[in-house]
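This is what each chain is made of:
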Amino acid sequence: MYNDEIMDRYQNPYYFGKPERYSIVIDEASTSCGDKIILYIQEENGVIKQIKFEGDGCIISMVSTDLFCEKATGRNIEEIMRIDESDYVKNFPVEITPGRLNCALLPIRAFRRGVGRANIPGNLK
Amino acid sequence: MYNDEIMDRYQNPYYFGKPERYSIVIDEASTSCGDKIILYIQEENGVIKQIKFEGDGCIISMVSTDLFCEKATGRNIEEIMRIDESDYVKNFPVEITPGRLNCALLPIRAFRRGVGRANIPGNLK
Amino acid sequence: MLDVGSIRRDFPILQRKMDGKRIVYLDSTATTQKPESVINAIAEFYRNYNANVHRSVYKLGWEATDCYEQARKNVADFIGVKSEEIVFTRNTTESLNLLSYSLEGKLKKGDRILISSMEHHSNILPWMRLEERGINLDYINLTPEGFLDIEDFKSKIKKETKIISITHQSNVLGTINDIDTLSKIAKENDSIFIVDGAQSIPHMPFKMINGIDYMAFSGHKMLGPLGIGVLYGKYENLSELPPFQRGGEMIKEVDFHKVEFEDPPIKFEAGTPNVEGAVGLSAAIDYLKKIGMENVRSHEKYLTRKALDSLSTLKNIQIYGPRDTEKRGGVISFNIRSEAIKRKIASGNIHLDGLLHSHDVASHLDESNVFVRSGHHCAQPLMKYLNIKGTARASFYIYNDIDDIEALVSGLEGIDVQ
Amino acid sequence: MLDVGSIRRDFPILQRKMDGKRIVYLDSTATTQKPESVINAIAEFYRNYNANVHRSVYKLGWEATDCYEQARKNVADFIGVKSEEIVFTRNTTESLNLLSYSLEGKLKKGDRILISSMEHHSNILPWMRLEERGINLDYINLTPEGFLDIEDFKSKIKKETKIISITHQSNVLGTINDIDTLSKIAKENDSIFIVDGAQSIPHMPFKMINGIDYMAFSGHKMLGPLGIGVLYGKYENLSELPPFQRGGEMIKEVDFHKVEFEDPPIKFEAGTPNVEGAVGLSAAIDYLKKIGMENVRSHEKYLTRKALDSLSTLKNIQIYGPRDTEKRGGVISFNIRSEAIKRKIASGNIHLDGLLHSHDVASHLDESNVFVRSGHHCAQPLMKYLNIKGTARASFYIYNDIDDIEALVSGLEGIDVQ
Ligand SMILES: Cc1ncc(COP(=O)(O)O)c(C=O)c1O
Ligand SMILES: Cc1ncc(COP(=O)(O)O)c(C=O)c1O
Chain A
1194 MYNDEIMDRY
1204 QNPYYFGKPE
1214 RYSIVIDEAS
1224 TSCGDKIILY
1234 IQEENGVIKQ
1244 IKFEGDGCII
1254 SMVSTDLFCE
1264 KATGRNIEEI
1274 MRIDESDYVK
1284 NFPVEITPGR
1294 LNCALLPIRA
1304 FRRGVGRANI
1314 PGNLK
Chain B
1194 MYNDEIMDRY
1204 QNPYYFGKPE
1214 RYSIVIDEAS
1224 TSCGDKIILY
1234 IQEENGVIKQ
1244 IKFEGDGCII
1254 SMVSTDLFCE
1264 KATGRNIEEI
1274 MRIDESDYVK
1284 NFPVEITPGR
1294 LNCALLPIRA
1304 FRRGVGRANI
1314 PGNLK
Chain C
746 MLDVGSIRRD
756 FPILQRKMDG
766 KRIVYLDSTA
776 TTQKPESVIN
786 AIAEFYRNYN
796 ANVHRSVYKL
806 GWEATDCYEQ
816 ARKNVADFIG
826 VKSEEIVFTR
836 NTTESLNLLS
846 YSLEGKLKKG
856 DRILISSMEH
866 HSNILPWMRL
876 EERGINLDYI
886 NLTPEGFLDI
896 EDFKSKIKKE
906 TKIISITHQS
916 NVLGTINDID
926 TLSKIAKEND
936 SIFIVDGAQS
946 IPHMPFKMIN
956 GIDYMAFSGH
966 KMLGPLGIGV
976 LYGKYENLSE
986 LPPFQRGGEM
996 IKEVDFHKVE
1006 FEDPPIKFEA
1016 GTPNVEGAVG
1026 LSAAIDYLKK
1036 IGMENVRSHE
1046 KYLTRKALDS
1056 LSTLKNIQIY
1066 GPRDTEKRGG
1076 VISFNIRSEA
1086 IKRKIASGNI
1096 HLDGLLHSHD
1106 VASHLDESNV
1116 FVRSGHHCAQ
1126 PLMKYLNIKG
1136 TARASFYIYN
1146 DIDDIEALVS
1156 GLEGIDVQ
Chain D
746 MLDVGSIRRD
756 FPILQRKMDG
766 KRIVYLDSTA
776 TTQKPESVIN
786 AIAEFYRNYN
796 ANVHRSVYKL
806 GWEATDCYEQ
816 ARKNVADFIG
826 VKSEEIVFTR
836 NTTESLNLLS
846 YSLEGKLKKG
856 DRILISSMEH
866 HSNILPWMRL
876 EERGINLDYI
886 NLTPEGFLDI
896 EDFKSKIKKE
906 TKIISITHQS
916 NVLGTINDID
926 TLSKIAKEND
936 SIFIVDGAQS
946 IPHMPFKMIN
956 GIDYMAFSGH
966 KMLGPLGIGV
976 LYGKYENLSE
986 LPPFQRGGEM
996 IKEVDFHKVE
1006 FEDPPIKFEA
1016 GTPNVEGAVG
1026 LSAAIDYLKK
1036 IGMENVRSHE
1046 KYLTRKALDS
1056 LSTLKNIQIY
1066 GPRDTEKRGG
1076 VISFNIRSEA
1086 IKRKIASGNI
1096 HLDGLLHSHD
1106 VASHLDESNV
1116 FVRSGHHCAQ
1126 PLMKYLNIKG
1136 TARASFYIYN
1146 DIDDIEALVS
1156 GLEGIDVQ
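Residue numbers (our numbering), protein chains in the order written: chain A, 1194 to 1318; chain B, 1194 to 1318; chain C, 746 to 1163; chain D, 746 to 1163.
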């Protein structure tokens, strides 16, 4: 139903799993459709050294989370916080209809809320 | 503004006042427009020997109450309870528009409620 | 048999083309489309009779009042009750919240409320709110086919069970509950018996029965406008029930620190009412009466039978709810199992069920203009009970026909389920 | 100057003739008439975009959601706030009841609520309900001209005064209260400051000010449909306020005995919302913006000046409320004194005031199609304060003009006041 790139990424996500070391955990995204993601982030001086995720949800939200982790790796937290939602959606490898916006934006919104709550960079564990 | 019969009856109601003797008092009609009537009824064996009223309200409700007392005098309570509202309004000496129905029906409804509550004929004082 | 072709012509939105193709609307359980006669009734009200109702002395005012009260009478007749027993609300949700707030004073710590595991959030959350006040909420279990488990129902009725509130028809499983029997059992216990009629009143013939104390339903689910709902209550119940919202219209007399309320139903309709909504709902009822509720029901039975049969031929489908169309309505929840969807990964805290996510199914169908709902359908406890995250859901009404079912089935065939 | 002739052509109901004569609608304070553009917006919504909103994956569903959320944005822009600060309700009354119920948990026995003696029942009864919980309700006195007595206001603010709720414009006296000043005084005491905007938002330019915590108004009083109202709340207030009604749409997650609510404003919109109402209100706002709220206000000032001047020439009239049109809106309450009405009888418990009953006045005007409201205008405490039983009330909006005032005055002249 979706194209091969999407299906392949859904079945074999690059960033799935729980890393050994991480400094931030974001377990925010209990959305109304039952999708869940947990982001594990290894942060150093405001830079995302590594980010991985666990979770289950629709194809769009899972692929989006994997893509998000790819994008975020090695970048500044601040930079990622400022990602423009419509740009993000525009560059998605499959067309996102308005009814699926929430699915595609799940990782970004979880990240924003979680980082906001963790009060980076003061409050790291 | 209303015809002479109405205005005359409004200014000089025949049944206004508090009689010396009465067996039922109905003080029900605190309607939303602020109109008030008190009915004093002298009842004997289910027959209304005398009925008078006190109160203040719009011209329609006051005239209607006076007419109602006239109609009720000497009749059976049961008979009065069964008065048909639309007949009553049809025979009113001035046209009652639907917006004034509540005004015209004030005495009938007060009577019904009050008699219902007084639980005639068992419960007379 | 309904003449669906001619019915469809009464619904302007069904003439709409998207990407050049007709739309296949299979979400009437969420909200129904509106016939021209309802749209016109609304427009004509504003073009001719609009004014604030009650207590108007002038002509336009009582014409508007008349529109409103005639609508109330039409609703009352439709379900076989008296006008004074019909309270207009916004929707089923508000009707049930009204009860939750107004019955609160009757309940004491330790009292219990009994609902079922197939309720919509609107018949759960108003009662769950009372758990904060020390009231306990119990859930009736379901049988494997998706019926209420009557033995479990009986065993959960305690003498503390003051309120029993149950849906007449499930918005997920389609199950039609036997309200007659349930009400008798409830009444043996002297419990207040409430029925959520959001999915039954629009879809089947119904006359009020004595065992029902209160019943709630929504105009927008029965061809009427959004923003109007109904609470039926037996007059003697409504008489002693305290009001919910307070404000204009619903009083006899207000003093600085004292108020005397109006009689029902006005006592429960605070502020300027939605006359337009009542008028639109009344026009919807006229439309339904013209078709005949018996015919509405048999048409839906027919479509449901056809849909269940066709869908069952799909090899990877999982259908929920009873199969006997005598005991279920025209709403079918399902999931698609998929090998393609099996992710190579799994992990301790993730439950992979091998089901295509319902949103992905709905998106796929959307590409061919087949509109089904997906997700938890405001019935998360039921989803948890069934141990799934959601379902896709197709539901039928008078404007649906075999061609819609064909579109649904061929859309699902298009999902690559290798 | 408004081109009232062309405005009137936009309102179908104003083309209506009764007994061959045009209608003179002077009751916009109760509810306003609707322009064709609003009626059309409603019809077009049902003809093209109707579906249940939120969480729909399919095209029609998100088109409907878009209609709803665009309407919310339009309302938010109109009063200068953020979309997430706009909660859709049924009417002003529901907005204020929502606050009464949701703020209840913040109040303890002995706390006080301060309102004014010119409030509408909808801004009295929701607070009076809390007196049953041991909360005290205080009323601010008025000056003889019908303004709030600011000294009395200050003296009635105690440290227990947790809530101050005041109307922006009186629906009886027309008085416009100085919300800016009042909010500052309220905020010095850290009281929650609530404004009933039912009569101000429709009639004057307004941008939200920081001192207002919550504000309520109704769509139907500003050219919009019945059944839609607004509650504005500062986002940080709405965030911490518990929900009022509970049910579908307003949750993040529901378990059998636990619920997590959505963020504002959705948290406060339980059940299927009145999308049609929101769309209609949005079209009404577009219409008002095209005219310009400055122009609405100056037109009403002009009419009010003319009406006050003409009415004052009637010898037996008693007019209530301020005379300065800078400080009052276009609603005029009055009574007619009459010798003819003096009844020859009087008695101890009856207070004869020599005023023609307002219903009789309104009936008389109705004969010439002049539609004014009569009675207590849902402000019985104010009536008691003024020691009258009611008033006749004429109110103006953009479709009224000098000819309407002439019809009113000549109708009143026709009352035989020997
Ligand atoms: C000042 C004021 N507040 C509140 C209301 C109540 O408005 P609604 O009936 O639309 O809830 C009104 C109108 O009747 C009003 O004039
Ligand atoms: C069974 C049931 N109850 C209650 C509701 C709530 O209806 P509404 O959203 O109109 O209040 C629905 C519909 O969503 C329903 O299907």
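Among these hints, one or two may not hold up.
[What the hints assert, rightly or not] Within a straight-line C-alpha distance of at most 25 Å, the following computed SDA-like cross-link-like pairs (lysine to any residue) qualify:
id, chain 1, residue 1, chain 2, residue 2
1, D, Lys901, D, Pro950
2, D, Lys854, C, Lys762
3, D, Lys1003, C, Lys762
4, C, Lys762, D, Asp925
5, D, Lys1129, D, Lys762
6, C, Lys851, D, Glu876
7, D, Lys907, D, Asp925
8, D, Lys762, B, Leu1294
9, D, Lys1034, D, Lys907
10, C, Lys818, B, Ile1199
Hints are computed from structural coordinates only; laboratory data are not their basis.
Hints versus structure:
no.: 1; hint: D:Lys901 / D:Pro950; verdict: 30 Å, violated
no.: 2; hint: D:Lys854 / C:Lys762; verdict: 61 Å, violated
no.: 3; hint: D:Lys1003 / C:Lys762; verdict: 43 Å, violated
no.: 4; hint: C:Lys762 / D:Asp925; verdict: 52 Å, violated
no.: 5; hint: D:Lys1129 / D:Lys762; verdict: 38 Å, violated
no.: 6; hint: C:Lys851 / D:Glu876; verdict: 19 Å, holds
no.: 7; hint: D:Lys907 / D:Asp925; verdict: 19 Å, holds
no.: 8; hint: D:Lys762 / B:Leu1294; verdict: 24 Å, holds
no.: 9; hint: D:Lys1034 / D:Lys907; verdict: 36 Å, violated
no.: 10; hint: C:Lys818 / B:Ile1199; verdict: 34 Å, violated
The structure does not agree with the numbered hints 1, 2, 3, 4, 5, 9 and 10 stated previously, though it agrees with the rest.
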